[in-house]
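Residue strings, one per chain:
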Amino acid sequence: MTEITKQSLTELVESIKNKKLSSSEVTKAFIERSEKSKVLNAFITEDFTSALDKAKKFDQKPNLDLKLPGIPMAVKDLFCTKNVKTTAGSKILNNFVPTYESTVTENIWSEGAILLGKLNCDEFAMGSSNETSFFGNVQNPIDKNLVPGGSSGGSASAVAGQLTPITIGTDTGGSIRQPASFTGTVGLKPTYGSCSRYGIVAFASSLDQAGPMAQNVKDCALLQEVISSFDVKDSTSIDFKRNHYSKDLTNNIKGKKIGIPKEYRVDGMPKEIEDLWQKGIEYVRDCGAEIINISLPHTSYALPTYYIVAPAEASSNLARYDGVKYGYRANGENLIDMYEKTRSEGFGAEVQRRIMIGTYVLSSGYYDAYYLKAQKVRRLIKNDFDEAYKKVDAILTPSTPSSAFKIGEKTNDPVSMYLNDIFTVPVNLAGLPGISIPAGHDAKGYPLGLQIIGKAFDEQNILNIAFAMEEKINFKNKITDWWIK
Amino acid sequence: MSKKSEEYLINRRDNQYEVVIGLEVHAQVLSVSKLFSTSATKFGAEPNTQVSLVDAAFPGMLPVINEFCVKQAIKTGIGLNAKINKRSVFDRKNYFYADLPQGYQISQFKDPIVGEGKVIIDLPDGHKEVGIERLHLEQDAGKSIHDLDAQNTFVDLNRSGVALMEIVSKPDLRSPDEVSIYIKKLRSIMRYLGTCDGNMQEGSLRADVNVSVRKKGSKEFGTRCEIKNVNSIKFMQMAIEYEANRQVDLIEEGKTIDQETRLFDTKKNETRSMRSKEDAHDYRYFPDPDLLPLEVSDEFVNKLKSEIPELPDDKKKRFINEFKLSAYEATILVSDIEIAKYFEEVVAKMGKNKDMKLAVNWITGELFAVLNSKNLEITQSPVSAKNLAILVNLIKNGTISGKIAKTVFELMLKNDEDPQKIVEEKGLKQQSDPKALEELIDKIINNNREKAIEYKQGKEKLFGFFVGQAMKASGGKANPQLINEILKKKL
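Chains Y and G, in that order, give the protein sequences.
Residue numbers for the first sequence follow this note's numbering, so the first one is 1 and each next one is one higher.
Residue numbers for the second sequence follow this note's numbering, so the first one is 1001 and each next one is one higher.
Among the clues, some could well be false.
Here are the computed distance ranges between Cβ atoms for each label pair [claimed, not checked]:
hint, chain 1, residue 1, chain 2, residue 2, range
1, G, Lys1303, Y, Lys376, 33 to 39 Å
2, Y, Lys376, G, Glu1129, 38 to 44 Å
3, G, Lys1086, Y, Ser344, 41 to 47 Å
4, Y, Ala443, G, His1281, 52 to 58 Å
5, Y, Tyr360, G, Lys1268, 39 to 45 Å
Just so you know, these hints were derived from the structure itself, not from any lab.
Just so you know, even glycine gets a beta-carbon here, dropped at the ideal spot from N, CA and C.
Same shape as in the complex, but just chain Y:
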C-alpha cells in the first residue's frame, strides 16, 4: 500500500471505509509527518493530542456513511474553531479562543473529519505570499526559498507537503487559487453565497468566500460538497440547489464552449505563462470542447477596483479589534491612547496600510471619487462576464502572471505584490466560481496553474472541465521532501 500521507482524500476515504486503515492510523501518519515538517511553519496551532483522541473515538464506533469518515485535516486559521485558538495570523488575536464554530468547519466535522490544527496565513488574509503573518512566513514545499503564495499559504503548503490530505482556505482576491498555483495543488473559490461566512474572521465581506484545497479535482469536489450549504446565519448565503459535486463529476466536456479573454494577455507576461495557456487550450480542445475568443473589456480596472473595495470593507471590519472586548490590549493613558497603542502594536504593516487606504477612500469628500466609482466599475466588470456567458460556458485563463517568487522578493514593493492577483481578482469582484489546477512547470521546475472561471452557481461545470483537463495534463508535483532530514 502507498504511504498513507501520499494518498489522496478519495483513496483515504476508500481505505477507511474498507477498513484497510483506521482513522487513528491515518491521523497518526499525518501528525508524524507534520512533526517532521515544522520548518515549513505551516501550522500556527497544532491540535494533535485532541486529534488522536477523536480518531480513537471514531474508530471505536465508526460511522462509515459519512463523507469524511475519520479523516484528519487542518484548516486555515481564519475559521473560528470552538475551544481552539483562532488568530487570523495576527498578534491582535494571538490569545483569542472562540466559544463557537464556523458553519463551514461545523459542516466538515459533522461529516466525520477531525481537526489537526490551524494553518498559517497572511494577517487577516491580507497578502499574496504568507509573509504578513505575525507567526512568520511559510515555506513552499517546492523549494525552501519560495513563498507558498497567500493568503492561504499555510494551507497550500500543508496540502502540497502532505501534512493534511485536504484543507480549506478563504479567497477574497485569489487567496486560494494563487497559493494553489504556486504549490502545484488544486484550489476552488466557490460562487459568492455558496459557503457560509458565519464564523470566518472577515476581511472584505462582499468578496470573502471559503473554499476547498486538495491534491486533485475529485478531492476538491468532495470537500466542496461538504462545505457548501445554505445558512440563515449569513444574510448573503444563497439558497440554491447544490450538486453532489463528487458524485456528479464527469470528464465528459464535449461541446462545452470555453472562452479565452484577450484582455488577460497582459503586458510583460512571461512566455512560459503564455505557452502554458496555449497548452491548456489544446487540452480542452482535445477533450472535445470548443474554444471561443471573448472580450472582458474592463479587466484592467479590476485590480484598482479591488484595492478600493477590499480595503474599504476591511477598514470597517477590523474596527472591532480595539482592545476592549477580546484579543490584544495595550495599556494607555485613556481610551483613545489605548486604541492607538493596541492597534499599532496589534496589527502588522500590511494590515495597517490597508486600513489607512480603506479609511481614506470612505472619508467624506473622497467617497464618491473612490468607493462609489469602484462600485460602479465593479458592476461593469460583472456585466462583462454576463455578456461573455451568453456565448460560453466557462472561461480559461492563467491563474497567476508568474510562478512562485522568492521569499522577501516583493515585501518592499506592495504594488508588484498586488499585481500577482491580476487574474484572480476579477472573479471575486463578479462573485463567480473559479478553480486553479496545476498545469505544468516553468523552466525552474516550479508549478504553474490554469484557472477556469464558471457561471455563478455552476461549480459542477468548472469542476468537470478541471477533471477532464487534469486527466490530460497528468501533472506530477516535484516535491523532494527536502525539509525532512
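Put chain G on the given structure of chain Y with help from the hints.
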C-alpha cells in the same frame, strides 16, 4: 379651553425672534429581540446578560435582520402617513467608542425604510401639520458607566443592538409647547400601533433637538445647534428655551452662531458645546456588505396596513360624530389608547339609554383625579369600566343623585365593588316615591306654617329652605327633582 394661544416669540429691544425646532426622535422598537440578533431586550436586566456574540461583535459574527422589527418600522411609517420605501439599505456608521463593539453602528443613511409623512398636532386654537422627513432603523449602542470606579469605565452591552426607529421631523415646530404636544402625539400613535412603549424614564423615547432662531417674518433659517439625547419632555422644553435665548443674545451682541452639537446639563439648566462642526466625526458611511438591501413587496406592506388599528385622529373624528363629544373631550379621550379603550368599554357597558356627557365627565373628572392623586395609569384604575358604567347609569335613571354618586364612587375605590350593591347595602337609593315624598313634605309644611305663608307672600328665597328641610328629613336620599315639583305644587 384657553383662547387663541399666543405666538412664542423672544423679544429683545425692538426685535422679535421666532424659534425654529426640528426633532430627531429615537424610539425603541417594541420587540422581544434585537434588530440583528436573537438576544432579549428586557429593560432593567443585570448588566451584560442580554448580549449575544453578534451584539459583542466577536470575530466572524454576522447580523441577520429581525423581520418583526422591519414590520414595526413599516407600521409606524403607516401611522405617520408616510411613504414606505420598498427598497432600503443598511449602512455602517463608523466610529470608535467603548460601548460600540463593532466599531460601527448599523443604520440607514441614504435609503431609509420610511420616507416623507406627516403628523397632525392639536393646538389650543386648532391643529397643525408637522412634516416627517424620514424614519429609519438603526442599532442602539451599549452603555458606558463612568461613575462606578475612579480609574475604569464599565460597559453594559444589554442595549447594544436593540432596534431603534429614528424619526426625523421637518423644522416645523415653533415653541416648547408645540414640541411637547408633538412628542406626546408621536408617542400616542406608536402606543396605538404597539410599535414603541414610549417610556421615557426607561429611555425608550429620547430626542436630539435642533434649534435655530430668526427674526420674525424672515424666510431664511438661522444657523442651528443640535442638542443631543434629551430624555424628557420637560428637559426638551427647558433646553429649547435656554438655547433659543442664548442664540438670540449672540445675535443681539452682533456675534455669529456656530453650528455645533450641544449637551443639555439638567443640573445647571443650560446647554454646553460638545463639539463644533469642524470636529464633527467623519462617519465614513457605506452600505453594510453583510446585509443585502431590504426589499419589501406591496403585498407585505398591504398586509401590515390591514393590521393597523384605528389611530387617534380617526378615533377622535368618530367620537365626535358618533358620541357627539366636543373636540376638546375627544382629544383628551383619544390621547392615550388605554384611556380610549376604557372610555369605549364604559360606553358599551352603559347599554342603550346612555348619558355620554355624564360618562365623559366622570372619567375626566372624578376618575382622572383619583388616578392623578394615586399616580396610576388608566390600566391600573381601581374602578373598572364596567362598574363606572353602572354608576353612571344609576345617576342617569334617577336611582341615586350625583351627590350620593360621589359617596358611592369613594366606596367603589376599595375593591372595585359593584355600585348597585353598595347602593342597596348602604340604603343609598334615592327616594322617588311621590306618595311618600308628599307625606314628608306635608309634614314639613305643617311644621313651618309661618314660613310657608311668608313664601306665598313673595319671599321666594324661602323655597331653598323647604328643599333643604326635605333633603335633611330624607337623609339626603330624596330625589331633588321630585322634591322641587311637589314643593311647587303644595306651597
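Evaluated hints:
no. : hint                               : result
1   : G:Lys1303 <-> Y:Lys376: 33 to 39 Å : holds, 36 Å
2   : Y:Lys376 <-> G:Glu1129: 38 to 44 Å : holds, 40 Å
3   : G:Lys1086 <-> Y:Ser344: 41 to 47 Å : holds, 45 Å
4   : Y:Ala443 <-> G:His1281: 52 to 58 Å : holds, 55 Å
5   : Y:Tyr360 <-> G:Lys1268: 39 to 45 Å : holds, 41 Å
Hint check: no violations occur; every hint is consistent with the structure.
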